[in-house]
Amino acid sequence: MAGVRSDRGEAPPPLLNKGGESPGSIPVNAITQPHAVVLYKLNARTKRKTSGIWVTSREAFWIALETLRTHKLRSFLTLLGVVIATTTLIVVMSIINGMNLYIADHIANLGANVFIVSKMSWATTGEDWLKAQRRNKPIRIEDFEFLRDDVKGYKNIGAETGTEGDVKYKSHILHEVQVGGETSNMIDIGQAKVETGRYLNDTDYAHESMVCFIGQDLVSEFFPTVDPIGKDITVLGVPFRVIGVAARIGSTLGFSQDKFVQIPLTSFRKVFSARPELDIDVQAWNAQQMMMLEDSVRALMRARHHIPYKEDDDFGINASETVMGLWHQLTASIFAVTIGIVAVFMVVGGIVIMNIMLASVTERTHEIGIRKSLGARRRDILMQFVIEASVMALTGGAAGVLIALLISKLVSIVFTSSVPLSAVLVGLFLSTAVGLFFGIYPASKAANLEPIEALRTEA
Amino acid sequence: MGTQLVSSSTPELALPVQVMIKTENLWKTYDMGEAIAVHALSGVTFEIDRGEYVAIMGPSGSGKSTLMNLIGCLDTPTSGRYWLNGRLVSELSDDELAYIRNKEIGFVFQTFNLLSRASALHNVELPLVYSGIPAKERLQRAQEALSKVDLVERMNHKPNELSGGQRQRVAIARALVNDPSIILADEPTGNLDSATGEEIMGVFERLYEVGNTIVLVTHEHDIAAHAHRIIHVRDGKIERDESVK
Numbered sequence: 001m002a003g004v005r006s007d008r009g010e011a012p013p014p015l016l017n018k019g020g021e022s023p024g025s026i027p028v029n030a031i032t033q034p035h036a037v038v039l040y041k042l043n044a045r046t047k048r049k050t051s052g053i054w055v056t057s058r059e060a061f062w063i064a065l066e067t068l069r070t071h072k073l074r075s076f077l078t079l080l081g082v083v084i085a086t087t088t089l090i091v092v093m094s095i096i097n098g099m100n101l102y103i104a105d106h107i108a109n110l111g112a113n114v115f116i117v118s119k120m121s122w123a124t125t126g127e128d129w130l131k132a133q134r135r136n137k138p139i140r141i142e143d144f145e146f147l148r149d150d151v152k153g154y155k156n157i158g159a160e161t162g163t164e165g166d167v168k169y170k171s172h173i174l175h176e177v178q179v180g181g182e183t184s185n186m187i188d189i190g191q192a193k194v195e196t197g198r199y200l201n202d203t204d205y206a207h208e209s210m211v212c213f214i215g216q217d218l219v220s221e222f223f224p225t226v227d228p229i230g231k232d233i234t235v236l237g238v239p240f241r242v243i244g245v246a247a248r249i250g251s252t253l254g255f256s257q258d259k260f261v262q263i264p265l266t267s268f269r270k271v272f273s274a275r276p277e278l279d280i281d282v283q284a285w286n287a288q289q290m291m292m293l294e295d296s297v298r299a300l301m302r303a304r305h306h307i308p309y310k311e312d313d314d315f316g317i318n319a320s321e322t323v324m325g326l327w328h329q330l331t332a333s334i335f336a337v338t339i340g341i342v343a344v345f346m347v348v349g350g351i352v353i354m355n356i357m358l359a360s361v362t363e364r365t366h367e368i369g370i371r372k373s374l375g376a377r378r379r380d381i382l383m384q385f386v387i388e389a390s391v392m393a394l395t396g397g398a399a400g401v402l403i404a405l406l407i408s409k410l411v412s413i414v415f416t417s418s419v420p421l422s423a424v425l426v427g428l429f430l431s432t433a434v435g436l437f438f439g440i441y442p443a444s445k446a447a448n449l450e451p452i453e454a455l456r457t458e459a
Numbered sequence: 460m461g462t463q464l465v466s467s468s469t470p471e472l473a474l475p476v477q478v479m480i481k482t483e484n485l486w487k488t489y490d491m492g493e494a495i496a497v498h499a500l501s502g503v504t505f506e507i508d509r510g511e512y513v514a515i516m517g518p519s520g521s522g523k524s525t526l527m528n529l530i531g532c533l534d535t536p537t538s539g540r541y542w543l544n545g546r547l548v549s550e551l552s553d554d555e556l557a558y559i560r561n562k563e564i565g566f567v568f569q570t571f572n573l574l575s576r577a578s579a580l581h582n583v584e585l586p587l588v589y590s591g592i593p594a595k596e597r598l599q600r601a602q603e604a605l606s607k608v609d610l611v612e613r614m615n616h617k618p619n620e621l622s623g624g625q626r627q628r629v630a631i632a633r634a635l636v637n638d639p640s641i642i643l644a645d646e647p648t649g650n651l652d653s654a655t656g657e658e659i660m661g662v663f664e665r666l667y668e669v670g671n672t673i674v675l676v677t678h679e680h681d682i683a684a685h686a687h688r689i690i691h692v693r694d695g696k697i698e699r700d701e702s703v704k
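From first to last, the protein sequence lines are chains A and B.
Counting from 1, one number per residue, gives the positions in the first sequence under my numbering.
Counting from 460, one number per residue, gives the positions in the second sequence under my numbering.
It is worth saying that the hints were derived from the structure and are not from the lab.
Be a bit skeptical, because a hint or two may be false.
Some, not all, of what chain B presents toward chain A, calculated at C-beta under 10 Å [to be verified]:
#1 486
#2 488
#3 490
#4 494
#5 560
#6 561
#7 566
#8 582
#9 585
#10 589
#11 592
#12 597
Label-pair ranges, simulated between beta-carbon atoms [what the hints assert, rightly or not]:
#13 570(B) x 359(A): 58 to 68 Å
#14 520(B) x 347(A): 29 to 39 Å
#15 379(A) x 488(B): 25 to 35 Å
#16 347(A) x 653(B): 39 to 49 Å
#17 379(A) x 654(B): 18 to 28 Å
#18 453(A) x 520(B): 47 to 57 Å
#19 62(A) x 570(B): 51 to 61 Å
#20 495(B) x 339(A): 54 to 64 Å
#21 488(B) x 347(A): 41 to 51 Å
#22 612(B) x 72(A): 30 to 40 Å
Beta carbons are placed, not taken as given, at the ideal position from N, Cα and C, and that holds for glycine.
Could you build all of it, start to finish, from the sequences and the hints given here?
Encoded structure:
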């Protein structure tokens, strides 16, 4: 600013505290200090550039909160879409996450370095499954003996079969108990660990002994106060003597893993079924050996079943990775569907927000006029409404997060659910982004109002 | 934007320093379609010096409101030039005009134009918000402005809890808070009874005495009589420019 000719380069003095001055005298702030006034104001303007956005954003933020507070019902209805979207997103992500943890913990943990040879591959679905169901041959005791004798280098090889039925002790009865016929080395391969007594041993196996190893659910049902060892229970109508109790395993996806009776496979064959369908559990020494062992088992089984080299296996080889692969395939499709649903909700929610913001702009045209007359620029008004829409949407997102946390808590009681932090962040970010995006059009409408037109509008 | 403002003020340096407002052949034409043009202002030229107390008078439809909007930088002229405090403001962009309104002009409206949901204090703070002034300083300056109109003790009341006279005093405090170059009052007593109107005019008188430049737009002779100079507007032209007192 050229032409500064003030004697005193200071800001203009306050206006009203020199009341004694007569109207006739030259006012201090007018003629004597004109350019000092301009300079002072230009300085203020530079300041506005740096701190201005912060100041006006804070103003906008408070306006937004005030609007939410005064229009509770309207805000609630407006935000329903965003709330539902965020809740859906987080709940689904939480359940998937919870199941991931579960699977990592339980299902996938067959035992260290174990794979299972069975009739069906776990990873088969749809038509392939139906085809395999018809074509594949059940695994029999001969297959087990063949693999046990011919495969080299395994740490353990065991076999098990199973059925389900009632178990009785005196007048107590327990339904749907897993009854397993096991080889004596399954204690080293499977999940169960001995808590008291002992596991089925080679002698029991060889002599087809009528003994059993039971899970914790049976203990709490039949022997809450007495030692179960040595008691006789009736399994599918046949008496067995309890020789050992397993440590508690817990439940997987809501199903108890402790509701079982294990008897020697030989006894199972003698009493229940002479030629049961088996699962063969092969345990390798280490993870590196797994692949090799799987390959040699596959080769031997194919040779035994006379399968030409072009055809698929007529049996399944299942490892933790098989389950995980299947599971990831499933979650991917659940995820895709969820993303679609959430996107639809978010867009609908965003359009509702846009609609309400447009109404709000019309309703507050006079206020916008006042603000403009007091020096609000386009971008101040733009920011006010964009921030209002974003804060509104963020509030909806936060409400969605809270509801999702609650639902997740409830779900985890009967099923499994664990809220990942990333889901919460994504939910909050997404809802804010929706508010921002759908707030821009109403906000630019507000920002582009002509000050006089807006002022003229009746409040 | 800042450089534009500075450069646009260059032609003004030729103006005598005591001139606060200078208009040169201001036209405002509304195009009503079908090639019918309505001239709200047809060539208005006048000057107002610093520290003057001027009333712009005229019947309704005379163009005085249009003139006020132009002086207040709420609107831009169809043609002609307008300098405010040494700056050629008739050629500024919207945001630059917003800046001028914020820094140079204090509005007092007939209908008060206070934000009904905000307290008196916050209403007074608003121009400072748009100046980007931090909260602490805003509070202090807003309280200062309210004390000038004797309303400090009511500063936390909302406009609907205040009387008409008090509301107008809040509006005056808001007009003063950013130390504007001119105070522009549009029928400031139009919605008040005559006793309260007199009280408000007393406030303007005091503001004038301490050196503020005041432009009052009214159609009432008694109100205009408070000013020291009256510009009569009729049919978009200056009819008479008289000095009172």
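Cβ distance range 54 to 64 Å for residue 495(B) and residue 339(A), holds or violated: Check passed, 58 Å falls within 54 to 64 Å.
Chain A contact restraint on residue 597(B) - CB to CB distance below 10 Å: OK, holds: residue 597(B) within 10 Å of chain A, min 8 Å.
Evaluation of the interface hint that places residue 488(B) against chain A, nearest CB under 10 Å: violated (15 Å)
Could one say that the CB atoms of residue 379(A) and residue 488(B) fall in the range 25 to 35 Å? The hinted range 25 to 35 Å holds for residue 379(A) and residue 488(B), with Cβ atoms some 30 Å apart.
When the least beta-carbon distance from residue 592(B) to chain A is tested against 10 Å, hint result: With a closest approach of 7 Å, the residue 592(B) hint holds.
Is the gap between the beta carbons of residue 488(B) and residue 347(A) within 41 to 51 Å? Distance hint for residue 488(B), residue 347(A) holds at roughly 45 Å.
Would you settle whether the hint for residue 566(B) is holds or violated, based on the nearest Cβ-Cβ distance to chain A being less than 10 Å? At 5 Å from the nearest chain A Cβ, residue 566(B) passes the 10 Å test, so the hint holds.
Determine whether the Cβ-Cβ distance between residue 347(A) and residue 653(B) falls within the hinted range of 39 to 49 Å. violated (58 Å)
At a threshold of 10 Å, is the proposed contact between residue 560(B) and chain A supported by beta-carbon distances? holds (5 Å)
So, as I understand it, the hint says residue 589(B) touches chain A; can you test that by seeing if any CB pair is closer than 10 Å? holds (4 Å)
So the hint says 58 to 68 Å: do the beta-carbon atoms of residue 570(B) and residue 359(A) match that? violated (23 Å)
Does residue 486(B) pass the interface hint, meaning its C-beta sits closer than 10 Å to a C-beta of chain A? violated (17 Å)
Consistency note: the structure conflicts with the earlier hints numbered 1, 2, 3, 4, 13, 14, 16, 17, 18 and 19.
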